[in-house]
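Okay, so the sequence shown: first residue is 1 according to the UniProt record's numbering, each after it adds one.
Hints may be right or wrong, so weigh each one.
Said to hold, decoys possible - Okay, the calculated beta carbon distance ranges per label pair:
#1 Asp-58 to Arg-3: 17 to 27 Å
#2 Arg-3 to Thr-62: 12 to 22 Å
#3 Ser-10 to Leu-56: 29 to 39 Å
#4 Ser-60 to Arg-3: 31 to 41 Å
#5 Lys-8 to Leu-52: 17 to 27 Å
#6 Ser-44 to Ser-12: 18 to 28 Å
Source of the hints: derived by calculation from the structure; they are not laboratory data. Computed from a prediction, not measured in an experiment: that's the story for all the values here. Ideal Cβ placement from N, Cα and C applies to all residues, glycine included.
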Amino acid sequence: MSRLTWQKSSFSTGGEGNCIELATTATGHIHLRESDRPDDIATSTPHALAGLLLALKDDSWTPSRR
1 MSRLTWQKSS FSTGGEGNCI ELATTATGHI HLRESDRPDD IATSTPHALA
51 GLLLALKDDS WTPSRR
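All chains should be built: construct the whole structure from the sequences, respecting the hints.
What follows is the structure, given as structure tokens:
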């Protein structure tokens, strides 16, 4: 994976290292990571991430049980 430029919310100023960071690529993929675990990166398309965020917001998402 090429070098990503990570951004975090301006509200994440506590300095505790526990915020979500986001990066995008030219292919349109969105990468998310937690600042205290920078090697664990989740990758999504904008459409899939928007669907997840909407489901979480309206409380209609439930994790699958495996």
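Each hint, compared with the structure:
1. Under the hint 17 to 27 Å, the C-beta atoms of Asp-58 and Arg-3, about 36 Å apart, miss the expected range.
2. Distance hint check: the CB atoms of Arg-3 and Thr-62 are about 36 Å apart, inconsistent with the given range 12 to 22 Å.
3. Between Ser-10 and Leu-56 the CB atoms are about 22 Å apart, so this pair departs from the stated range of 29 to 39 Å.
4. Restraint check, Ser-60 to Arg-3: a C-beta distance of roughly 37 Å satisfies the suggested window 31 to 41 Å.
5. Between Lys-8 and Leu-52 the beta carbon distance is about 19 Å. The supplied range of 17 to 27 Å therefore holds.
6. For Ser-44 paired with Ser-12, a C-beta distance near 20 Å keeps the hint of 18 to 28 Å intact.
Hint check: violations occur at hints 1, 2 and 3; the rest are consistent with the structure.
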